[in-house]
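Protein chains in written order, with the numbering used here: chain A, 6 to 349; chain B, 6 to 349; chain C, 6 to 349; chain D, 6 to 349.
Just to be clear, a hint being listed does not mean it is correct.
The list treats identical chains as interchangeable, and a pair is accepted whether it falls inside one copy or across any two copies.
Claimed, not checked - The list that follows gives simulated cross-link-like pairs (lysine to aspartate or glutamate, DMTMM-like), each with its CA atoms no further than 25 Å apart:
hint	residue 1	residue 2
1	10	55
2	336	113
3	336	232
4	336	92
Simulated from the structure, these hints should not be mistaken for lab results.
Protein chains: 4
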Amino acid sequence: MSSRKSLHIALIGAGRIGSFHAESIARRIPNARLVAVADPAPGAARRLADTLDCEVAHTDPTALWSDPDVDAVLIATPARFHTPLAEAAANAGKHVFCEKPMALTIAEADRVIAAAAANGVQLQVGFNRRWDRAFAEGRAAIDAGKVGTPQLLRSLTRDPGPFRADPAKIPLWTIFFETLIHDFDTLLWLNAGARPVEVHAMADALVRPDAKAGGHLDTAVVTIRFDNGALAVAEANFCATYGYDIRGEVFGSGGMVTMGDVQRSSLRLFDGSGVSSDTWRLDTHHFVDAYTAQIQHFVDVVLQRVEARGPTGAHARAALAVALACIESVKLGRSVALSEVVSP
Amino acid sequence: MSSRKSLHIALIGAGRIGSFHAESIARRIPNARLVAVADPAPGAARRLADTLDCEVAHTDPTALWSDPDVDAVLIATPARFHTPLAEAAANAGKHVFCEKPMALTIAEADRVIAAAAANGVQLQVGFNRRWDRAFAEGRAAIDAGKVGTPQLLRSLTRDPGPFRADPAKIPLWTIFFETLIHDFDTLLWLNAGARPVEVHAMADALVRPDAKAGGHLDTAVVTIRFDNGALAVAEANFCATYGYDIRGEVFGSGGMVTMGDVQRSSLRLFDGSGVSSDTWRLDTHHFVDAYTAQIQHFVDVVLQRVEARGPTGAHARAALAVALACIESVKLGRSVALSEVVSP
Amino acid sequence: MSSRKSLHIALIGAGRIGSFHAESIARRIPNARLVAVADPAPGAARRLADTLDCEVAHTDPTALWSDPDVDAVLIATPARFHTPLAEAAANAGKHVFCEKPMALTIAEADRVIAAAAANGVQLQVGFNRRWDRAFAEGRAAIDAGKVGTPQLLRSLTRDPGPFRADPAKIPLWTIFFETLIHDFDTLLWLNAGARPVEVHAMADALVRPDAKAGGHLDTAVVTIRFDNGALAVAEANFCATYGYDIRGEVFGSGGMVTMGDVQRSSLRLFDGSGVSSDTWRLDTHHFVDAYTAQIQHFVDVVLQRVEARGPTGAHARAALAVALACIESVKLGRSVALSEVVSP
Amino acid sequence: MSSRKSLHIALIGAGRIGSFHAESIARRIPNARLVAVADPAPGAARRLADTLDCEVAHTDPTALWSDPDVDAVLIATPARFHTPLAEAAANAGKHVFCEKPMALTIAEADRVIAAAAANGVQLQVGFNRRWDRAFAEGRAAIDAGKVGTPQLLRSLTRDPGPFRADPAKIPLWTIFFETLIHDFDTLLWLNAGARPVEVHAMADALVRPDAKAGGHLDTAVVTIRFDNGALAVAEANFCATYGYDIRGEVFGSGGMVTMGDVQRSSLRLFDGSGVSSDTWRLDTHHFVDAYTAQIQHFVDVVLQRVEARGPTGAHARAALAVALACIESVKLGRSVALSEVVSP
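This is chain A alone, in the form it adopts within the complex:
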């Protein structure tokens, strides 16, 4: 592989976001090549591979471990498979780009981190928000001291409606493990150098109250206290009628930065109803550049041209700890110290 000009990547998981990543690899990243697709659903891998001129398709991802044409894997399966696949891939010497959440327990996270370290492979996690222009510029402004010491932070995720999924098929605690995990990583990343110490969460089923009895939660507000004093709020909801809404705010002793706008372009329409603009409806539209940039970076790191600065296993573990504390907080109805869910 060392002499290759392009990184050969296999995709595992040919669902919505996996297919999008495959297309990024095949079409938007010049020095990457999609060399295989794996998905247990009959025909799914084959169909995706065909549309992207990729020859190899598997129903069993373990077939990739021994394939010398595969330099790296991108894991975009349902969350519960992330850990075993990431660990196995690392142990097979493959570089790993893993969608969030990398793991659902601290022990799992530790296993993936250890496997990557032991095998000397890159391990990057899909916290795409870091690669968005506004969020990246926001972090740079914070690093440059433009907001002083952070005191109040906010990060929110609102998925676009209508909400059509069957709540019964959504794993418990998804709002923390899969949705707010983005906001936890964002807050930890923006409040760089500080560590979360205490978490309080309120959550409910407001979009689908009928599904609450089954444990489904679709709306949550989380407060986090950091060891530098900063207080942060993370907020999520599964059904924003107006589209995909991702925003961040960092207020500090010296000022504030805000990031994120649901407005899709600079187009404004003025008519009898007033002034209006279209909004982002899909993450893959809003964050197409961020989604591409994170994989581009992964590729460039592996091809050894640049220093790794993407989110790693350790970042995934830190965000996971906040999610676990949130779940405890909801269960216990009180604030939870991070030290209750993870040893430092």
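Add chains B, C and D to chain A, keeping to what the hints say.
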């Protein structure tokens, strides 16, 4: 009058804007008092006076000239009466606040200016835009050198639709004399110290093409060249479906300022249609503070507490000259030098 | 009084906000008259009265109770005097406009409410945010069903820096009693018809960490759960370098409204540093219209022309209950049910 | 070529924008391949080719005509070479993507159009603004009737300062031929179906007044009257201190659309100076997506997958006619009919 704590003002012209000004005098300006209303339409003055607890109403404005209870007049009649009323009021020793346009010919303008000077009365013209917060701050920024030397300016007026007036009852050239006169004053005021030297105008009846044969014009674009090199565009239309649209822009060697927003408040609504905001529908809503501030200033000047800094007869004359040059330009189909319509 | 055309109001408390209100009464509200000023500080009432052409000044506010020229009082003293003054004024038959907080305990709130009811006087509380154009339009949009059922709300207050006060002179819990009380009222008012059931608060001294030992708190994040399921966040900080920042957000099943903008006007400056706008630096600038509108409404209600729709003693009591629950939450380090601090 | 999966493109002109396009071809467009670079400057083609892993470099572009590995050329030379190169390439059977302006006279434009038609090759012109998301959405809104019949249009170009070029080396009339040509195309495209009938231009050397004697012009305002009555303003300046400013506005009988924002991302910084945002400093940053999309479209058209909808030789000719009328207008000091410079 010298010992009065409130300025006693008589309104002449009880139409839409006159009634609004009367209400400002009676209700929004503590040191002013509405002491009389005059309007030739039977009952119009009486009805307005009654709603504002004003006792005196006339159908003949000349009754005001000899009334010692009247310190000042606010002239808000149809434009063709502005000059004779302003001149007569000044000659009667009354201070004059005159709605735009103060005059329709340079000779008329000179007569009003001379009468005010001869009688030592204040003469202020209703160029309200100067008193809007954003425009005032824009001029201050320009004065502070923040845009450097102006090079490109823009001012526009779009009246809110639907257009319901009968074009046959609108005087010829109204778009220049009554609408764009605001923009001409704004441009001359923002490009402070420079003088317009050349004007080119294109105009048409696009809102009511059927009225074009009668000479009605409802849409115009004017280019002005100033003696400091700056090029300015003024633009007007009588029917903006989205409301009342007033904007200004000054671009210079050091930067740019923009002023004006049709958005009515900071409220934004996000729903299935995207993001939207309400717009200003009426000048008297958008500019309620500016309309009040200009009369407040007039009152304070007359009561001798502050130095006059409002638009005067000379400013009205300068804006009128641009309007006259526009009319020539439309008639002749070519650029017109200011020197063709007015001696400096 | 019944035959008066203007409401005669006495101000109690000639500090910063009291002086501003006095000026509103004297200059911005045509059918109100400032007839007396009371303040215990030697000379303070007299000095303010003189600047506003008001003849009567007292150092003892109780002198107002028997003055037949006083129809109503506006109480703008330090918070701890609000309850006794409001109660005494009501018992003297004076209408009461009371700055927030109206009371510091539920028992106190009940006493003021009872006194107003027993004496048949109006009681309005200074929750000025309700009178801001954007917030009022936001509530109207919610009432019109444009956001559906509220699910996530946000209200924040950030006072303009620099923070110059002596923390030792600020009463304990001021951030809840005097600052966030605005946000609590705003949230209860926007989530109309719902009742808060549970509160969680995190607070700290981040602006002045040296003052924390003395109990001073300057930064807080509060989460509120309502009985309609909605989750709300209120947030405050005493030192925003960029000025006075008041924002609101209501997200629901049908959409979202956002209210509040720190940008002072539509002026935008473009230069080598990018695009910039000025911000609001003072509440009395940002909310001059809202401050005036609330007193205007009070006056109009008493003069019997309009139905009362301003915040009453009951609203002050409801917001106070949230503040009390916050204080318990901070003391106990856990969520607090509203039922723990107030009987329904 | 018919069986190729990638379009083989040769770049002619390895200057700033040519190099950027070469990079787009090599890195951002998966089904295109950069197969050669030609530039007469010694070493220029070689250096660029090397950075992009392209093997072939020429100092003489005519070497490309007979190269069977070249399917298409992208012409990014100085403007005066566009016509001969485009014509020769078409006659050699190469598809042509030509930077604006395609020609400097109507006769030249006709020659290129004829050569492309005679040889059955694609001819697309680099009017990149059409491919910007906001402008494309604006045109779609107009097509959907959302602004009704266009009445007032505006398009502007302000190049980012500081202005460092030597005016003596800039060809005469560049502001019309190379800068405003973008705005003319944009206006003609947005006011779809209408034809320009009359043009008036004012231009000056305000950025570099010292260069005016040499004929250099850096600031211009153009008014265009269309045969559907619409009046349009195009405006340009060579030195905007705040960056690259491209905006469009179409006002019509039913509403208005505005397009373009100098703000670079959604990041906003709030500090002691107010609120600020960064601006776009370079066209290749602001329009990276538009620049890529136009070449992507060209490639897709040639590879026969999609119908051609990009700007063609006829569009280049139409925009050129406006530029020629502007030049006449400046020379003659009067409005110029389009019929004076081109037969329909």
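Each hint, compared with the structure:
Taking the shortest alpha-carbon separations for residue 10 and residue 55, both the intra-copy value of 23 Å and the inter-copy value of 15 Å come in at or below 25 Å. When the C-alpha separation of residue 336 and residue 113 is checked against a cutoff of 25 Å, the pair qualifies only within one copy, where the shortest distance is 22 Å, while the shortest distance between copies is 37 Å. Taking the closest pair of Cα atoms, residue 336 and residue 232 come within 25 Å of each other both inside a single copy (24 Å) and across two copies (19 Å). In this homomeric assembly, residue 336 and residue 92 never come within 25 Å of each other (Cα to Cα): the closest approach is 30 Å inside a single copy and 45 Å across copies.
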